[in-house]
Each structure stands twice: as structure tokens, then as C-alpha cells.
Amino acid sequence: MRADTGRHRRRPGDPGRATDLELRTFWRGYVESRSGPIGLALLAAVALVAALAPVLAPVRPEAFTDALLAPPGPGHPFGTDHLGRDIFSGVVYGTRISLLLGVVSAAISAVVGTVVGAVAGYAGGWIDEILSRLIDVFLMIPVFFLVLVVIMLFGNSLPYVMTVIGLTIWPANARLMRAQALSLRERTFVRAAVALGEAHGRILARHIIPHGIYPVVANTTLQVAGAILTEAGLSFLGLGDPNVVSWGRMIYEGRVSMPHGWWTTLFPGLAIVVTVMAFYLIGDGLNHALNPQARERGA
Amino acid sequence: MTRDLAAPEAGGRPPAAAEPVLEIRGLRVSYDTPTGRVQAVAGLDLVLRPGDSVGLVGESGSGKSTVALAVMGLLPAGGRVDAGQVRLLGRDLTTLPEHELRAVRWRQAAMVFQKAMSAFSPVHRLADHFVDVWRAHRPERGRRARSLALERARVLLEAVGLRPDALWAYPHTLSGGMLQRALIALALVHQPRLLILDEATTALDVVTQAQVLSEVARLQREFDLTTLVISHDIGVVAALCRRVAVLYAGHLVEEGPVQQVLEAPRHPYTAALVRAFPRLRGPRRRLESIPGTLPDLTRPPQGCVFADRCPRAAGACREGPPPVEHSGGRMVRCRFPLGGDAGA
Amino acid sequence: MPHVARQHDGARQPLIEARGLHRWYGSGRSLLARRPPLRAVDGVDLVVYPGEIVGLIGESGCGKSTLGRLLVRLEAPTAGTIAFAGRDITHLRGRRLRALRRQIQVIFQNPFETFDPRYRLRQALYDPLRIHGLPDAERRIAEVMERAGLPVDQYLDRYPRELSGGQLQRAAIARAMLVEPRFVVADEPVSMLDVSVRAEVLNFLLDLRAQRQTAFLFITHDLALARHVCDRIAVMYLGRIVEEGPAELLTSAPRHPYPRALLASVPDPDAGTAASPALRGEPPSPAALGTGCRFAGRCPLASEACRRVEPVLEPAAPGHRVACHFPWEEQRTP
Numbered sequence: 000m001r002a003d004t005g006r007h008r009r010r011p012g013d014p015g016r017a018t019d020l021e022l023r024t025f026w027r028g029y030v031e032s033r034s035g036p037i038g039l040a041l042l043a044a045v046a047l048v049a050a051l052a053p054v055l056a057p058v059r060p061e062a063f064t065d066a067l068l069a070p071p072g073p074g075h076p077f078g079t080d081h082l083g084r085d086i087f088s089g090v091v092y093g094t095r096i097s098l099l100l101g102v103v104s105a106a107i108s109a110v111v112g113t114v115v116g117a118v119a120g121y122a123g124g125w126i127d128e129i130l131s132r133l134i135d136v137f138l139m140i141p142v143f144f145l146v147l148v149v150i151m152l153f154g155n156s157l158p159y160v161m162t163v164i165g166l167t168i169w170p171a172n173a174r175l176m177r178a179q180a181l182s183l184r185e186r187t188f189v190r191a192a193v194a195l196g197e198a199h200g201r202i203l204a205r206h207i208i209p210h211g212i213y214p215v216v217a218n219t220t221l222q223v224a225g226a227i228l229t230e231a232g233l234s235f236l237g238l239g240d241p242n243v244v245s246w247g248r249m250i251y252e253g254r255v256s257m258p259h260g261w262w263t264t265l266f267p268g269l270a271i272v273v274t275v276m277a278f279y280l281i282g283d284g285l286n287h288a289l290n291p292q293a294r295e296r297g298a
Numbered sequence: 000m001t002r003d004l005a006a007p008e009a010g011g012r013p014p015a016a017a018e019p020v021l022e023i024r025g026l027r028v029s030y031d032t033p034t035g036r037v038q039a040v041a042g043l044d045l046v047l048r049p050g051d052s053v054g055l056v057g058e059s060g061s062g063k064s065t066v067a068l069a070v071m072g073l074l075p076a077g078g079r080v081d082a083g084q085v086r087l088l089g090r091d092l093t094t095l096p097e098h099e100l101r102a103v104r105w106r107q108a109a110m111v112f113q114k115a116m117s118a119f120s121p122v123h124r125l126a127d128h129f130v131d132v133w134r135a136h137r138p139e140r141g142r143r144a145r146s147l148a149l150e151r152a153r154v155l156l157e158a159v160g161l162r163p164d165a166l167w168a169y170p171h172t173l174s175g176g177m178l179q180r181a182l183i184a185l186a187l188v189h190q191p192r193l194l195i196l197d198e199a200t201t202a203l204d205v206v207t208q209a210q211v212l213s214e215v216a217r218l219q220r221e222f223d224l225t226t227l228v229i230s231h232d233i234g235v236v237a238a239l240c241r242r243v244a245v246l247y248a249g250h251l252v253e254e255g256p257v258q259q260v261l262e263a264p265r266h267p268y269t270a271a272l273v274r275a276f277p278r279l280r281g282p283r284r285r286l287e288s289i290p291g292t293l294p295d296l297t298r299p300p301q302g303c304v305f306a307d308r309c310p311r312a313a314g315a316c317r318e319g320p321p322p323v324e325h326s327g328g329r330m331v332r333c334r335f336p337l338g339g340d341a342g343a
Numbered sequence: 000m001p002h003v004a005r006q007h008d009g010a011r012q013p014l015i016e017a018r019g020l021h022r023w024y025g026s027g028r029s030l031l032a033r034r035p036p037l038r039a040v041d042g043v044d045l046v047v048y049p050g051e052i053v054g055l056i057g058e059s060g061c062g063k064s065t066l067g068r069l070l071v072r073l074e075a076p077t078a079g080t081i082a083f084a085g086r087d088i089t090h091l092r093g094r095r096l097r098a099l100r101r102q103i104q105v106i107f108q109n110p111f112e113t114f115d116p117r118y119r120l121r122q123a124l125y126d127p128l129r130i131h132g133l134p135d136a137e138r139r140i141a142e143v144m145e146r147a148g149l150p151v152d153q154y155l156d157r158y159p160r161e162l163s164g165g166q167l168q169r170a171a172i173a174r175a176m177l178v179e180p181r182f183v184v185a186d187e188p189v190s191m192l193d194v195s196v197r198a199e200v201l202n203f204l205l206d207l208r209a210q211r212q213t214a215f216l217f218i219t220h221d222l223a224l225a226r227h228v229c230d231r232i233a234v235m236y237l238g239r240i241v242e243e244g245p246a247e248l249l250t251s252a253p254r255h256p257y258p259r260a261l262l263a264s265v266p267d268p269d270a271g272t273a274a275s276p277a278l279r280g281e282p283p284s285p286a287a288l289g290t291g292c293r294f295a296g297r298c299p300l301a302s303e304a305c306r307r308v309e310p311v312l313e314p315a316a317p318g319h320r321v322a323c324h325f326p327w328e329e330q331r332t333p
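Chains as they are written, first to last, in numbering that gives the first Met the number 0: chain A, 0 to 298; chain B, 0 to 343; chain C, 0 to 333.
Note that these hints are calculated values from the structure, not bench results. A couple of the hints might just be wrong.
According to the in silico footprint, chain B covers these stretches of chain C (three or more CB under 8 Å from chain B) [said to hold, decoys possible]:
1) 152–161
2) 183–195
3) 276–282
4) 302–315
Just so you have them, the derived chain A footprint on chain C, three or more residues with Cβ under 8 Å [said to hold, decoys possible]:
5) 12–22
6) 127–141
C-beta: ideal position from N, C-alpha, C; glycine also.
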């Protein structure tokens, strides 16, 4: 109702009227990004496939049929592999594995990254020094080879793979969260909480993390895609969990038939591309929507 | 000194009854907001004759900055002039197309904002800013433009109390007071007739503010400027202006010579505003506020906009717009003004 | 306006007492160059008695806000001590420090930033009571909000963005007062508010002081405002207090040239002309202080002695201290 929107000393990006306005601007930014809504639609489709896998797939993906290396046709829309397994069923059920792995790995990364980053940025001093060094060390290690080494040493069950991926990609999130916490701790409402005698844990949980989480959310979406690719890479090298049908594993097993059965590798490959793209597009949309706000929020 | 400062085309001082520099008639400005159209300025009349200095005083939400932006044709998206005229040297700016408006800005009217730091590009020296502004409105090009611009810049910087070598400084190396001075100098490059200062000293410390105010007061004389000073601080207005206009919720409620209005305000809002200012003289006392809040400007009241907060308001005040009274060079828009024979 | 004349005799114990307080930033630990530290607060002695409002005046960058943050222990001093009710609190940490926060509260300049925009007022007001384990939350909140002119039935379920600046600042004061502190630092509490609502915020503060004998450090750049609100005033320049005394005296006839210049610079609506600038130039950087009086470079009265020897705060009269070699004398009145 105020006509003079620029009261002389009020800061721009006045957080006084945040939340739902913020939400509305966020959504508008997300929609304007174009990639965001497309990604969301793709992901919805992929998730639907995962949820309806038993309905969609004609057979269990592990089941052997009589048709060996059959090309795509009426009975087997994506054909079969050299052992007679239905590729379509494999791709459909593989959706579940890939989504599960991507989401769990990224979630682990988000939780660890957020906590480490928030503590480092908020506490400052020697705690920040130590945690920052830790983050740097992890960032310098080539993730894929670390995962490779750990899997070779300790085994390759799916939960194991998820955990190992999650625990190697968190530093990116930690860095983002630390930067947020560094600027948030200077904000008046955080100082006010300190001055009231609030415990540090609560300040982190109630003021720092809820305000600083947005870039981490955007990045975590991208990490889902990264984790799916990492797993595919591991499986392609034959290091994935042999007990589950994942897209990477299908490509790994299909590579022997590649010369005379292109369908064994093409369809799982496409599935990876579509899913990874969905998450990338969403992450891109989130970045687009959140960055102008991050600029305002700075300092 | 004055001769050196004046740009070549500035002629002699026009006679007192000359055509107004700025003439605002029935100006109405509104903004589109999520909750509806806000009436920011509701029928404003204001005339500035050559050499005039008028202070536009009001609090946040009064519409004072909107007036300045409307004059400069710089209303933000969602804002528009609904009615009225803004005549600058006889030309109505509200009907001018953008490219002609651009020619008017800087050359005939210039504005100085509060935030000097954001007005300068951080990667360019002050000199570059002066050259850019020069080129935008002059035919000269190349080296010649640069040397003419810098020549003018040196004169102006000195006039605002800066050393000419400040030209080679980057904005971030200068203090707030120096930047504000540089911004004033920049506004004067094309010798505008009208200078609008929108809270131009608000962000400065009191000592620096006093320095800048005294420099502006000198510039008003030496550059033959007509000034519109927009401020929430009646002290600043008293220092720079001969007349003051008090704005409340988009309405001009009182206007007149500064000293008279501040010493013997006639509108109850002016009186309350003046009382709310703590003074360095007189008895120490409990400070007074003005109870209540601005009316909802998406649905402006039928009667007087101040009625809800006014100690003198009666039923009649809420029914229709208050009468306007002109006497002795003063204007007051009130049914029951103070200091007149009309009691409550 | 009942300004109680206060005596500062030895009989009354100070509530808060800062001795030789320093806060330097960036102690030259840079890798490439040893830069001199920025001396934000550089040797401050300050005492506030119970129930007293002390104004801390100065321009931006003089260290007044830093001093405020030191006193409420939001920052740690580089050197010096702070005593609260006779107890040294300079190095309190952890649980003990959090317990102390009930006694010492702070009100910030920007009311739009004081509350976390994610939480309703109810939550923001309940927090301090939970933190300090105070009973009767409902009653206490209702009481203080009533006094703030923000009845709970209308305001408790609002988000901060749904309040005006004046209302928010009163809510911020209400929150600070909920835990019944004995000392409050108010850092420019009304500088962002419209003139017409400043009084209601300030009068709320003054009423609380009258009721509870709360002591305030009132940080402001506005001399005229301080005159009406404070009992005593201390003027800071580049990290040091240069003059300290009764509010009426410091806003009418201070003796140090800097507060005199400040006073002369205030645009006076009653005077009607631009104040002639009382000082030339701007303060030097607090990272580049030489020897001698730090005001000497801008002082109209500075002599050679001023540039060599830094003056210290010395009593000029009872309850009045000045740090100047050549303080202004009555007979020099024009």
C-alpha cells in the first residue's frame, strides 16, 4: 500500500516481506527458465514408469525367454539380449534402481554437505579451517576412482554403492552451504537469536539452514543425475551390484552383442539420457529461479 | 567566477515574473501493485519560477519521490501518469516521446539520488562518467569531446569542493560524501535549469551533510539553478529552500515560505510533523508521534486523507475533500486550519 | 519529561563498566603484507549506572556500533575488560554466556531484519522465554505486547512482513524486554523509521525504563534525538570517547571541538539557513592512525602539542569528562 516503495534506508530485497512472495517469484523464475518445467514433466514420466513397472513390463527383467537376441518386435518392443531377457522389462525395472540410487546418493550428499557446510560457515574460526580443509581434500580426489577403489576393496552391493557415491560428492554441497552460512550469520535476525541466548544447534536448524538451503537443493538435483551416471559407469566396468538389473549393467552385458544387436545397448542408454536430462533440466530451472534471490541475499 | 562556471548558452537572469521553469498541474500518478492500483500522487499543483527553491517534504508513502520520478519521466514499470501536466520550460513532458524526454534530462532538468555509489559504474573512473554524459547530449566526438568534457568536469568538481584530480579516481576509492559531490557535479554538466535533489544528503554523516548542503546552497546562486529538494528532513529543506510544500498520502496539504510554514504551520499534519522533530533548542520534552497509519491508497478516502489521524477532524472532514485556502503566499488544504479565525 | 538527575558518586555500583576496551580488526596476518589493523574501538572506558540512559554519539565508522556489540558480547574485545554488576564478563563462554544474555539485551537498527521472516511473531516472542526457562509465557507476552501497543489477539499470528517498521521495532523491543534485562543496547533504534512514528518507539523505551529501572546504551548519530532521550551522552571519534557528560550540556555547550562541530552541523529547522560547515575534510581511516590527538588533522584549534601527545579523558567538572588539550572555555563565547 506504500506508494514510495523506496523508503530511503530500506535495503533492496527487503527480507521483511519474504516467504510467499519469495515462493511466487521463485515459481515464476522457475517457469520462465523453460528448462525447469520440461525437466519436471520428464521426471514425472520417468517416475510414473518406475511406479507402474510391474504393470508396464511384460515379464520380470531377470526372466529368460526363448527368444535370444531378438530384434525389437511385437513380443519384445525393445528386443531381447543374448540370454533371452526382455530389454523393455529391463529398462522399465531399471528405472526403479536408477531413481533409487540417484535420489539416495544425492540425499546422503545433501545431508552431509548441508551439515558440514553450515557448521563450518556459522562457527568460523578453527572449526571452519578444519572443515574447509576437509572439503578441499575431498574436492581434489577424483570421485570416480575413489568409488572404484572402495568398491573393489569392500564389495559392490547396491546400498554400498549408493553410500559410497553419496559420501564422495557432498563437498560441493558443503561449499555452497558454507558460503550461505557465512553471509547468513551476519544477518540481523541471526545475531538477534545469538543475543537472546539461543543455542547454536537451534540457530543452525531454525535460521541458517532453512534460509541457506536453496542452492544446495538445486545442486543436489544435479547430483542425482551425476550419481546415476556414476553408477552406470561402475556397472559398465562390471563393478555394479550383480544382483540388480540397472541400466549400466544392461549396457555392460549388452556390449558383447553390440555388433549384431544394437538394441541391447541403445535402449538402456536412452533411458539414462532421458533420466539424467530430466534432473539436469530441473536443476537448471532451480538455479535460474534461485540465483537472482541469491544475489539479493548476498552480504 | 560565476562567468566561468556558466555554460555558454546560459543567458542573463530572467525577470521575476518570467515563465515558470517547472509547472505541475493536477498531476495524478498511480502504481500497479498486487493488491490493486495505488494512488501515489493525487492531483498535485506546484510551480517553480526561475531561481526558486522548493522543498517537498513528506514521509515514506507520501509520494514525494514519485513526483520527482514523474517529472523526469522515470516512473518504474507499473507506474503511470493518469492525469495532469508537467511543464518544463513550457513543454509538457507527459506527452513527450521517450527519445525527446532523454534530451530533456541532463540538459534541462537533472536529478541527484541518494545512493551515489550505485549511480557510478565501479569499473570506470569519474572522468569516463563525465565524458559519457557529455557525449550523450553534445555533437562533439572523439578527442575534442573528451577534452571539452574534462574541462567542464574540472570546473564543476572544484565548484562542489572536490580536487580536479578526483577525475582519475575509481568510485570505490571515494567516500560517500565525495561521491555525492561528484554526482551533483555530474548532474550539472549540461547546465540544467532545474536540479532535483531526492534525499541527496540523507545517507551522509551530519558533518559531511553540512558541507554538501553549504556547497549546494552556493551552487544555487552561482549556477542560477532552480531546485526542487525532496527530503524527509525539514532541517535540510530549511537549509536549502525558500518555500516548502508538505505532501501527505499524495496530496499537497500545505505550501508557503519555509520559515512561516515551520514556525506557524496551518495544516494539522504539518504541525504534527514539525512537533515530531526533536530540536536542539527549547525545553527537553517527551517526543510526540502522529498516531495511526497512512490510509489505504488503493481505496483513497472520500474526505480529507489526514482525517483519520487528525486531532481536529470533524464529521465534515470525512465527507468531502477539504477546501483549499490561499492567503499571503501560503496554501493550506484543510477545513479547520490552525492559526486562522476558523476554529474547530 | 522526567529526566532524573543522576549522581555518579562512588556509592552507586555501576551496572556495566568497560575498562580500556579495544577491538581491532585484521591484525596484519595477511600473507603478502603486514597491513595495520583497523582500530574500530581503541581504548574506551564507559560506565552505565542502573536505570540510566547513556547516549553514544558519533558518525558512521567511529566505532559506536562495535562498542555496542562488545558490551552485549556479540563480539569479543581485543583487549580490555567488561564488568556487569561487578562481575567480569569479558571471557564468559558457552552456557554461562547464554545465561548472561537474559540480563543484557540488544535492539538493532533495522526492524525489518530483526525477525526471521519465516516465523510468526508468536514464535519469535515465545523463543526468549523458552531459552531462559521463564514460566507464564502467555501472560508475559500479552503484557509486554499490550504495552507495545500491539494487542496479542491482532498481532501474535502475523508474520514480520505484515507489520510496519514502527510496529516491528516495538515488537523487537517487546521481545528484548520479555526476559526482563537490566541493560539494553539500542543501536540506532529509530533511524530507519519515519519521524512520525519515532516517538512511539522511543516513548515505549522510556516507559519501560521508568517502570523497571532498565539501563540503556542508546547509540545514535542524531544529537537532537539524544538530547530528548538520554541522561548522559558520550561522543565517540575514531574509536575513542572524546567527551562525556550530561545530555543537556553536551547538546548545548560541549567543550571538545568535535562535538562542537557536530552540533554546528545539524541542519536546524529553526535557523533557516544552511549551517556553515564546521569542519573541512573527512575523518582519516581508523587503520591509519598516527600519534597524537586523532582529531588534530581536522581541528581548528590543533597545535603542535596536539599532534604529538594524545589527550586522555579527564574530568572537567563533576560528571563531565573531556579529552582535549585545549577544551573550549565559557569566556570564549562569541
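Hints and how they fare:
For the segment 152–161 of chain C, the stated coverage by chain B is violated: 0 residues have a C-beta nearer than 8 Å to a C-beta of that chain, whereas at least 3 were required. Coverage of a stretch by a chain is defined here by at least three residues with a beta carbon nearer than 8 Å to that chain's beta carbons; for the segment 183–195 of chain C and chain B the count is 3, and the condition holds. Residues of the segment 276–282 of chain C with a Cβ under 8 Å from some Cβ of chain B number 5, which satisfies the need for three, so the listed coverage holds. Residues of the segment 302–315 of chain C with a Cβ under 8 Å from some Cβ of chain B number 0, which does not satisfy the need for three, so the listed coverage is violated.
Judged by the Cβ-Cβ criterion of 8 Å, the segment 12–22 of chain C is not covered by chain A as claimed, because only 0 of its residues qualify and three are needed. With a cut-off of 8 Å between beta carbons, the segment 127–141 of chain C has 3 residues touching chain A; three or more are needed, and the interface restraint holds.
This entry does not satisfy hints 1, 4, 5, going by the numbered hints stated previously.
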